[in-house]
Amino acid sequence: MKHQYDVVIVGAGLAGLRAAIELGEKTKVAVISKVFATRSHSGAAQGGIGAALGNEEEDNWEWHMFDTVKGSDYLGDQDAIEIMAKDAPRTIFELEHLGVPFNRTSEGKIAQRAFGGHTRNFGEAAVKRACFAADRTGRVIMDTLWEQCLQRGIAFYNEHQILSLMVHEGQCCGLVAYELTTGKLHSFYGKAVLLATGGAGKIYKTTSNAQASTGDGMAVALRVGAPLEDMEFVQFHPTGIYKLGILISEAARGEGGILRNKDGERFMERYAPIIKDLAPRDMVSRCILEEIRGGRGIDGKDFVHLDLTHLGKEIIDNKLAEITGFARTYSGVDATKEPIPVQPTCHYMMGGIACDAGGRVILDKDGKAFPGLYAAGECACVSVHGANRLGCNSLLDTLVFGRRAGIEIRQYVRHVAMPKTNANFEKADADRISDLMTSSGKENIGRIMAEMQETMMDNVSVFRHEKGLKQALDKLNELKERYKEIVVSDKGSCFNRNLLDAIELGHMLDLAEAIAMGALYRRESRGAHFREDFPTRNDEEFLVHTMLRHTDKGLQIFKKPVCITRFQPQERKY
Amino acid sequence: MKTTFIIWRFDPAKDKAAHYQEYSVDAEPADKILDCLNKIRWEQDPTLAYRASCAHGICGSDAMVINGRVELACQKLIRNFKTGNNFVIEPLPLFKVIKDLVVDLEPFFEKYRSVRPYLITDEQAPDRERLQDSKTQQFYEPALRCILCASCTASCPINRANPNYLGPAALLRAFRYIFDSRDSSTDERLSQIDDDDGVWGCKTMWWCTDVCPKGIPVTRCLGQIKRGLKQKDKEK
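Each protein sequence line maps, in turn, to chains A and B. For the first sequence, numbering that gives the first Met the number 0 assigns the number 0 to the initial residue and increments by one for each residue that follows. For the second sequence, numbering that gives the first Met the number 0 assigns the number 0 to the initial residue and increments by one for each residue that follows.
One or more of the hints may lead you astray.
[Claimed, not checked] Here are the simulated distance ranges between beta carbons:
no.	chain 1	residue 1	chain 2	residue 2	range
1	A	423	B	122	51 to 57 angstroms
2	B	156	A	457	47 to 53 angstroms
3	B	13	A	309	55 to 61 angstroms
4	A	480	B	11	33 to 39 angstroms
5	A	479	B	163	50 to 56 angstroms
6	A	181	B	20	19 to 25 angstroms
[As the list claims (entries may be wrong)] Below, a sample of chain A positions facing chain B; criterion: calculated Cβ distance under 8 angstroms:
no.	residue
7	97
8	102
9	103
10	132
11	210
12	489
13	496
14	499
[Unchecked claim] With the Cβ distance kept under 10 angstroms, some of the chain A side facing chain B (calculated, not the full set):
no.	residue
15	33
16	34
17	54
18	93
19	96
20	100
21	101
22	135
23	180
24	207
25	245
26	246
27	448
28	495
Hints in this document: simulated from the structure, not taken from any laboratory. We put the CB at the ideal spot given by N, CA and C, even for glycine.
Extracted from the complex, chain B is given alone in its bound form (with noise of 0.2 angstroms):
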């Protein structure tokens, strides 16, 4: 099946500025989107940039813009999508592009580490594991179908007016160690992200659980932040 690929190229070394550049595909209804990028580079152009390595969506490698929607190119087919054989691929929003559909994303890590993303603990580690509960443990589980591939947070309408707002990737590692029994950080956690730097920047837009392409309710984990903070105020 013909199918069109326009997709957004910009080299620093040559251009002056971005365009857009048309290929022609053989694809199959079952072909990933990086399937119709990789063949586009062994037979066509070799020089086209983009991330992949697990191509199953689970290192987070590929996210990018497929028909205006940022999605992981290994987790969509040419079959998922209704817009017949054209698609246009652009790079993620937000990030400087490094080259073509490749973004910088120093910065989104830069985020994730601030928000101390390890178990803190001063608690002496018995000689067996600690105990947790299981239920306690299937409530901050959503948190670790995280794959840190930016897509929540270049989606974020609240990212793009508020370059200093952590954003939904790091204030859901926030949340995963926040409900974490084992943790003992919880009260600094929650003090570091209680501003609209942090967790009240969202606006409860579902962007970030909109895109998730793990499917994680990201709002609603955000809200759980809040809905502490709230409780701790009650408490004082």
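In isolation and in its complexed conformation, chain A is listed as follows (with noise of 0.2 angstroms):
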């Protein structure tokens, strides 16, 4: 089936949906998304977005800005940055006029709470700069803008998931999706296409990701021949539930929790004297598996404590309570009388699709843009996290790029003809199909997958070492070769997940390949990657983006520089 749009969104999250708004008065545009709408990740995101709005103390963006290029291990583009932290007030505000119903202070401004890394003066000391609805912050900011574009009434095709990219003499031209509940093809023609498909946490067998978090956008670029940027900075939040992965959002220690090793010590102080346990999530990850190597996990296990029982039920009812509540769910603890037990969980990716501040995919070290694609949120590498995010930033980008792509491609469109051309686009992808549902393959879908989970798991988390990048890309060329003779067992047309998880899964496998291959390259330790055979920074030598494009003889690496405007590289103290 043939759809004819200006633009079509891949994505209902934040980016997407903020994108959407800004296209939708005067663009036709439809918002494509493999789950309903409302089931997007961003609606996980639970502490806050930053912000230097000053509202409980004295803040400015210079110190927003300061914070997320040292937060970034100095690999963040400091243009980029700027934009942001500059925009960020800006973007709070028009979020509260369409009605986010932000926390307040008692004198009715929204209110805002400590988050890890934010500072106030350059790193004095940490600083009240996240606004937040309780800690459901994503979910209220999405339906929000969910319900704004019901208001404008922008077209949504739901459980559609993508397959690829339609590119006619080097310009994107739309993509072919796959109807769920269906099982038909559908062609969706337009001037330009805008990825906002969120992370792919679902490579890694911890994670706090959804199970939709599996990166189709990044993967379907990288086939059509945009570079992934900084593919080996993944994020590994420090406060997962112990097992589970659920996040503890890090609010909870900006309200004021307390990280303790099995002797009861707030260890993080011996880390990071200043800002203790709101460390950026790098450095505390680091410091909880340095205390579990050494000895001082709980029970002697691989977990420790976060406690909140000095915090009060009032702070805990009113400003944590959904965490809180997972805490009772799926671990029985009530966090009012008792810690947590936390462990590090696959969180963010830093990397992905190589972008500009606004928005245009660029397939070169000079910035050459890739005509009729765009991205934007999580699955976009702009870069304004660099190797480590900060938390409360990442809403903040979904938004501020999110809108920025819309203009941009607004101005775009409107001076560009939709391309010519008679290709059956969908041929591809329908006998990729055919393919797999007759295939007579003996491998088992589920059991490659988990064992991609374990590889990345055990060699490419949060501490790393040759040897064992090695064995994954070994380990993962093995799973590619045993994708080949995968079996769909379902042969319905008819909610086929099973299908579903074969696409999703070959996704995965290409950018759990990129991630390896980037962290080999990089021979330093930098924000959230951390060699341990090169365990210090090398500004001399990697104070450089990673690109990884996708050519016939296999992923090629080259690189990109970093733009570095006010604030020069330092040692990363905290």
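Fit chain to chain and form the complex, with the hints in mind.
Rendered as structure tokens:
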């Protein structure tokens, strides 16, 4: 089935919805989403969205910019970070005007709280910068934006899985999608496509991410020649619920929660004497694992305690109700009385589809644009997060750059004609699906996925070294070969999750390889990428972005310079 | 621990009628019901259809009937049930089944859209945020916990008797905007639901409150709307 729009957005999380709102008034736009729109994973964001409003204490955007640059271990592009930090207050006021129900101060202003790595006066002490709605900030922003889209009559195609991008003479002209409830293929033609498909945490065994977070946008972009940037930087959030990986927001520590080892010691004091438990996530995750390696995990096991017992019922009920509910439901822990068992969990991809601050996907180190193709949100790499993202900068990223992509696309589609092509773009995907459905292979999709997740967890997570990374790449090659022999047992056309699993697994295997290759290539330690065989940062050689491009001979690596404007790289201490 | 799952199956492409299918799963007390469904799909029967995404009770995808009660499959663990090792899993009632445990929620969202679920304001926005009293925000805050899983509406006996009734989820969204001090459409919002297909359809049976996986006091919120309408009548 063919559809014609000016713009097709893939993904109904915050970046996609914000872009849709920007475009919706005068442009014919469709949003396609693999899940029903309100099930998108932005809704799981808990703690807050950062902006130097100064509602609770003095703050300014330059401090926010500095914290983000330092948090990124100087790998973030400072021109883009400046845009984001400056635009943050406007973004929050815009959300408020659209109806987002933020918590309020006693004066009725938007309330703010402390968050990891956010400081006043260039690192002096923690600052209250995160605007929030209890601990369901992502969900209320997403609901509000989705409702704004309903009001604007924007077309949604829910439960449609992207299969491939349509490219004609180097210009992106739409995409092919699979409709889950009917099994039909759809060609969405458009002058521009915005990929806003979120993260890929499902590549790892322990993750805070949703089942839908399988990196589809990054994978389809890579296949048509768009480079991926900085894929080796994968954020492990320090406080996932033990064994489950479910997120306990940094807001818990922002409100005063404390991490403790088996001796009850507040161990972060030793590692980050100034901001302690509110150090950035890469550091805190490493510190937790150092404690565990040193035999100071709880009961000698691989977890530590997050202690909220001193916060009092009022703070817990009004500001942390959701996460203390998770602790009760999944760990059987009453957080007002006992500490929560936590361990690091795969949370966020700093890397993604290389693009500029207008969301234009770029093809090379000089920033040459891929005509018609745009990216925003977690699947994109602008790069504002560099080697490590600060908490409450991801929601900000989606909204600032989702809007900017919308503005760019609106101008682009005005001046560009729809590519004329008679190509049958659906055929390749129809053949692929037919091959999968009729395969006589014996390989089990679930088993390959589990092996990929274990390999990535064991060798390409918080601590990495050459031997493990090479092992992981060998294993991934083996799994890719076995993937060719998978069998899709469900032969039906209605809600065939089995087929979707197969497609998603193919995407994740490609991305897992990109992550491991980037990690092997970067012989230094920076932000979330820690090489035990190269434990220090090496600015001379590696103060550059890692770019990966798909070629006939496999992935090719090249470098892109980092943009440094206001803040020269320094040693990173907290 | 050997656990039996008896699951309601229906594939419109090949089944004339629904039937129950039995699976045996090796489950731990801390496993979620969703984990067990995943095990069945991964290891035994890839054709089993159900929705799920976040797997921790925030996206709202996996509401279904577990042992006779509407629950989120990702929010209930094996150990939460006193029924031992036997589980009966069925799709949400009230809605048309697409396949197995997947239902068509379009009628649910149609009602939701009908309450104009967005801020309506006739004031020019200031340069900064509009001020709002913290108490006002806290008053409508319970409604913000809603994840649109449809558990309440699917469980409401009135909804089964009167298909035109808006149902608790849509009315809860109306509540959220009626009591948001920034919204200027309060009177219109109240008038729109001032009948038996609207808030007076609610006969305070508490099922919505009882099943809500987010602990929202839905019935009380609807009661606040009724009180608002009575107040409005008095002022006439």
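Each hint, compared with the structure:
1. A/423 to B/122: 51 to 57 angstroms: holds (53 angstroms)
2. B/156 to A/457: 47 to 53 angstroms: holds (52 angstroms)
3. B/13 to A/309: 55 to 61 angstroms: Given a distance of about 59 angstroms, which is inside 55 to 61 angstroms, the answer is holds.
4. A/480 to B/11: 33 to 39 angstroms: Between residue 480 of chain A and residue 11 of chain B, where Cβ atoms are some 37 angstroms apart, the hint holds.
5. A/479 to B/163: 50 to 56 angstroms: Taking Cβ atoms as reference, residue 479 of chain A and residue 163 of chain B lie about 54 angstroms apart, which means the hint holds.
6. A/181 to B/20: 19 to 25 angstroms: holds (23 angstroms)
7. 97: Status holds, d = 7 angstroms.
8. 102: Because about 7 angstroms separates residue 102 of chain A from the closest Cβ in chain B, which is inside the 8 angstroms limit, the hint holds.
9. 103: holds (4 angstroms)
10. 132: holds (6 angstroms)
11. 210: The hint holds - residue 210 of chain A has a Cβ within 8 angstroms of chain B, the shortest such distance being about 5 angstroms.
12. 489: holds (4 angstroms)
13. 496: Check passed: Cβ of residue 496 of chain A comes within 6 angstroms of chain B, closer than 8 angstroms.
14. 499: Hint violated; residue 499 of chain A Cβ to chain B Cβ min 11 angstroms, cut 8 angstroms.
15. 33: Holds, because the Cβ-Cβ distance from residue 33 of chain A to chain B comes to roughly 9 angstroms (cut-off 10 angstroms).
16. 34: Result: holds, 5 angstroms to nearest chain B Cβ.
17. 54: holds (8 angstroms)
18. 93: Hint holds; residue 93 of chain A Cβ to chain B Cβ min 9 angstroms, cut 10 angstroms.
19. 96: OK, holds: residue 96 of chain A within 10 angstroms of chain B, min 4 angstroms.
20. 100: Status holds, d = 6 angstroms.
21. 101: holds (8 angstroms)
22. 135: The hint holds - residue 135 of chain A has a Cβ within 10 angstroms of chain B, the shortest such distance being about 7 angstroms.
23. 180: holds (6 angstroms)
24. 207: holds (8 angstroms)
25. 245: holds (5 angstroms)
26. 246: For residue 246 of chain A, the interface hint holds, since the closest Cβ of chain B sits about 8 angstroms away, which is under 10 angstroms.
27. 448: At about 8 angstroms, which falls below the 10 angstroms cut-off, the nearest Cβ of chain B leaves the hint on residue 448 of chain A intact, so it holds.
28. 495: holds (8 angstroms)
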